[in-house]
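The residues making up each chain are set out below.
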Amino acid sequence: MTRTLQAAWTIARKDLRIEARSRELVYTTLFFAVACLLVFAFAFVRERPIDNAAAGILWVALAFSGTLALGRTFERERQGETLRALLLAPVERGAVYLGKLIALLLLMAAVEMVVVPIVGLLFSAPLLRAPALLAGLLALGTVGFAAIGTLFAAMLVRASSRDVLLPILLYPMTAPLLIAGVQGTAAIFADEPNLVLAQNWLAMLLFFDAVVVTVALWVFGAVMTE
Amino acid sequence: MSGGPHALAPDDFDRVSVRDVSRTFGRRRALARVSLDCRAGEIVAVLGPNGAGKSTLLGILATLMRPSDGEIRYGARTAAEAGDGLRGRIGVLGHDLFLYGELTARENLRFFGRLYDVSDLDARVDAALAAARLSDRADDRAGAFSRGLRQRLALERALLHAPRLVLLDEPFTGLDDDSAAHLSARLRELKLHGAIVVMATHDFETADGVVDRAICLDNGKLRDVPAGAGPLRERYRQALREARG
Amino acid sequence: MMNRLVPILLIAAAVIFGYAPFLIRDSPAEDTMGVVFKIFYFHVSSALTMMLSAIVCAIASAAYLRRRSRTADHIALAAAELAVVFGAIVLITGPLWARKSWGFWWVWDARVTSTLVMWMMFSSYLLLRKYAGVGSETLSAAVGVFAGVMSPLVYKSVDIWRTQHPTTNVLPSLPPGMRGVWLWCLVGFLLLYVALMALRTRLAASQAALDDLHLALED
Chain B
173 MTRTLQAAWT
183 IARKDLRIEA
193 RSRELVYTTL
203 FFAVACLLVF
213 AFAFVRERPI
223 DNAAAGILWV
233 ALAFSGTLAL
243 GRTFERERQG
253 ETLRALLLAP
263 VERGAVYLGK
273 LIALLLLMAA
283 VEMVVVPIVG
293 LLFSAPLLRA
303 PALLAGLLAL
313 GTVGFAAIGT
323 LFAAMLVRAS
333 SRDVLLPILL
343 YPMTAPLLIA
353 GVQGTAAIFA
363 DEPNLVLAQN
373 WLAMLLFFDA
383 VVVTVALWVF
393 GAVMTE
Chain L
9 MSGGPHALAP
19 DDFDRVSVRD
29 VSRTFGRRRA
39 LARVSLDCRA
49 GEIVAVLGPN
59 GAGKSTLLGI
69 LATLMRPSDG
79 EIRYGARTAA
89 EAGDGLRGRI
99 GVLGHDLFLY
109 GELTARENLR
119 FFGRLYDVSD
129 LDARVDAALA
139 AARLSDRADD
149 RAGAFSRGLR
159 QRLALERALL
169 HAPRLVLLDE
179 PFTGLDDDSA
189 AHLSARLREL
199 KLHGAIVVMA
209 THDFETADGV
219 VDRAICLDNG
229 KLRDVPAGAG
239 PLRERYRQAL
249 REARG
Chain V
5 MMNRLVPILL
15 IAAAVIFGYA
25 PFLIRDSPAE
35 DTMGVVFKIF
45 YFHVSSALTM
55 MLSAIVCAIA
65 SAAYLRRRSR
75 TADHIALAAA
85 ELAVVFGAIV
95 LITGPLWARK
105 SWGFWWVWDA
115 RVTSTLVMWM
125 MFSSYLLLRK
135 YAGVGSETLS
145 AAVGVFAGVM
155 SPLVYKSVDI
165 WRTQHPTTNV
175 LPSLPPGMRG
185 VWLWCLVGFL
195 LLYVALMALR
205 TRLAASQAAL
215 DDLHLALED
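Chains as they are written, first to last, in the numbering used here: chain B, 173 to 398; chain L, 9 to 253; chain V, 5 to 223.
Do not take every clue at face value.
Partner residues aside, some chain V positions facing chain L, computed with beta carbon under 10 Å [unchecked claim]:
#1 R72
#2 V138
#3 G139
#4 L190
#5 D215
#6 D216
#7 H218
#8 L219
#9 E222
Computed beta-carbon distance windows for the label pairs [claimed, not checked]:
#10 G139/V - E247/B: 10 to 20 Å
#11 R23/L - R72/V: 20 to 30 Å
#12 R206/V - R27/L: 42 to 52 Å
#13 R301/B - A92/V: 36 to 46 Å
#14 A189/L - S210/V: 50 to 60 Å
#15 R185/B - N7/V: 52 to 62 Å
#16 L207/V - R23/L: 19 to 29 Å
Derived from the structure by calculation, the hints contain no laboratory data.
Everything numeric in this text was worked out from a predicted model, so none of it was measured.
The beta carbon of each residue, even a glycine, is placed where N, CA and C say it ideally should be.
Could you put together the complete structure from these sequences and hints?
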C-alpha cells in the first residue's frame, strides 16, 4: 500500500517537475479558462450578470479547461510511449492512475486559485461569504471530475478521435458532480444564501467522490492491459 | 544480478516458455500459435519483415498485452499468477524509447530507478550514464539528444534495475559503429550474467556476432532460423523462402 | 435455444402490440389530461425497458472486464444500442405528451433529466465503439460500467436540485382501471426487448465468427 502511494507520488512529482520547467499547461489552461469566462460574459451579462450566473459560469469554465488539461497531460505520455513505460513498472496499476490524478489536481488547484477570484470580480460573486465551504465544493468537485477524467483520458491515449471523444464521454458521466458543484456554489452566491443546502451538496460530493475513485481504481488496471 | 545461479529471488525466473500464443486484432492475426523457449544466458534474435508480429511478441512478453490464445510462463508461473512484482524482472527497450524529453538524462534514470525501487540509486545512475557514455551530458534534456544518444540512454533505462528478461525492439537503430560495438559488448555481458535477451532486429550483421539463436516471424508464424555456416542474413532468407513454400 | 425462442417472442409481442391500441382506447381517460395521457402506456414502458437495458449493459461490461468473454461484449453492445433506441422513444414521446398536457416541450425534473443524461452516456458508448479504433471493446466496457454506476447518482442529484424548485405538474398515480392496460403494454415491450437483444447478440456473434473464419482461412 505504501509502496503504491510512494510510486504514485514519484509519478506526480515527475509531472510537476516537467510542468515547472515549461509551465505550459498551467498558463494555457488558465488562459483558456479566462477566455471561456469572456465568452460567457457575452452570453450572460445584461446590465448586470443574470442571477446566479456566476456559479454556473465558474463550473463550466473549469469543466472545459479541465478537459483540455486532461487531454494534454496524457498527450505528454504519448510521446515516447512513456505511459507504457509507467505501466511496465513493478507497482500496482493504481499507482499510475493516482500519480496522474494527483498531478492534475495540483494543476487544477493552481488554475482555480486564479480563476475563482476573476469570476468574483467579473460577475460580482460574493466569494468571501463562506470561503471554506466554497473551497470545499471546488476541491471535491474537481477531485470527482478529475477522477473520471484521468481514467478516460488514459484509456483514450491510443485511440483514434481521442480529442473529441474525451468530452463526449466525460460530460454526461460527470453530470452529478457538476450539478452538485454548481448548485452548492449557487446556494452560497444567491441573494438569499442557503449555507445548509451548500453543506448538503458538499456531503453529496464527498459521497460521489468516494464512489467514483473506487470504481475508477478498480477499472483502471483492467482497461490498461490490451 | 540477484543471488547466485542456484538461488532465485521470489520474483525471479530462469526461463521463459511461450506456448501456442496467438494474438488477433479483429480480422488481423498478429501472432499465430507461436511457441518458444528461452533460458538464462541466451540471446535470441527475432527477425522478420515489417508487420510480421515482432513488436506484438515483445509486447506480450513484456505483459503489456494479453495473448488471445496460449500462455506464457516465466519460470513456473504465468504473469497473472506472478503479480506486479514480475515486471521488476523485465526490462524493455521500446520502439519509442520510453524517455521523457523534458527531463534530463539523469532525471529520467532517477525517475525510473525510483519506480523500480533500485537500491543504491545514485551510484547505479552514475554507472548507467557512464555505460551510455553520457556522463558529460547527464544534465541535458533528453529531448535535445540525437536519436543515437537517446537510444543509448533508453537502453540504460531498460537495464537500470538489472532485469532477468531483457526485451529490445530494434536496439541498433540509429547507432553509429562505435555505439553498436558497445551495445554488442553490453549484450555479451548480460548473457554472462544470466539474462534472457530477446531482441527484434533488422541488423543482421551486428546480430550475427552476438546472438545464440534466431527465429523468424512471417505473418505471425514462427520459424526457426537454423544455426550453421553462413551469414545470418542468408540463413534468414532461406528460412523465409522455405516458409513461403 | 434463443434462436427458436425469438420468433415466438416476436409473435407474442406483435399480438400484444396489435391488441394494445384497442385496450388503450377503451381504458378510462385520465381526468386532467384527457386522451393525451394515453401516451403514458408506451412512454413509461419504454423508460423501464431503457433502464433495464442500461443495467444489462453495465453488468455485461463488468463481466467483460473481468473475464474478457466475447459473449459478454456482444451483450453489452446490444444492450447499449437498445438503451439508446428505447431512450429515444422516451425522449420523443415525453415532450409530445408534455406539450399537449402542460403547454411546454421540456421540463428539467429528475426523471426527464436523468433519462437524457443516460441516453447521452450510452450514445457516447456507441460513438466510442465506432470511432475509437482497435481495442474499443475494452474502452467501452469501462464506459458501460461507469454509466451503470453514475446513473443512480445522476437521478439523485437532479432530484435534490429540482426539489428546490418544485413544479406544479405532478404525475398522477395510476388508478386501478389503468394498471391492467399498462402491464399489458409493459409485457409487450419486455418481450420485444428480449427478442431484439437475442437478435442483436446473435448478429454480433455472427460477425465475430466471420472474423474467425477469415483468420482460419489464412492458415
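For each hint, the structure was consulted:
Because the closest C-beta pair between R72/V and chain L is about 7 Å apart, less than 10 Å, the hint holds. Hint on V138/V holds. Least Cβ distance to chain L is approximately 5 Å, under the 10 Å limit. Taken as an interface hint, G139/V checks out: its beta carbon lies about 8 Å from the nearest beta carbon of chain L, inside 10 Å. Contact between L190/V and chain L, as hinted, is not supported at the beta carbon level, the nearest pair being about 39 Å apart and thus beyond 10 Å.
For D215/V, the shortest C-beta to C-beta distance to chain L is roughly 5 Å, which falls under 10 Å, so the interface hint holds. Because the beta carbon of D216/V sits about 9 Å from the nearest beta carbon in chain L, less than 10 Å, this interface hint is met. At a threshold of 10 Å, the smallest CB-CB gap from H218/V to chain L is about 5 Å, leaving the interface hint in force. Evaluation of the L219/V hint against chain L yields a held restraint, the C-beta minimum of about 5 Å falling below 10 Å.
At about 6 Å, the closest approach between the beta carbon of E222/V and any beta carbon in chain L falls short of 10 Å, and the interface hint on this residue holds. Taken as a hint, the range 10 to 20 Å holds for the pair G139/V and E247/B, whose Cβ atoms sit roughly 18 Å apart. A hinted range of 20 to 30 Å for the beta carbons of R23/L and R72/V is consistent with their spacing of about 27 Å. Between R206/V and R27/L the C-beta distance comes to about 33 Å, which lies outside the given range of 42 to 52 Å.
The hinted range of 36 to 46 Å is satisfied by R301/B and A92/V, whose Cβ atoms lie roughly 43 Å apart. Here the CB-CB span from A189/L to S210/V is close to 56 Å, well matched to the stated 50 to 60 Å. Checked against the hint of 52 to 62 Å, the pair R185/B and N7/V passes, with Cβ atoms roughly 58 Å apart. Between L207/V and R23/L, the C-beta spacing of about 45 Å breaks the proposed range 19 to 29 Å.
The structure fails to meet hints 4, 12 and 16 from the earlier list, while all remaining hints are met.
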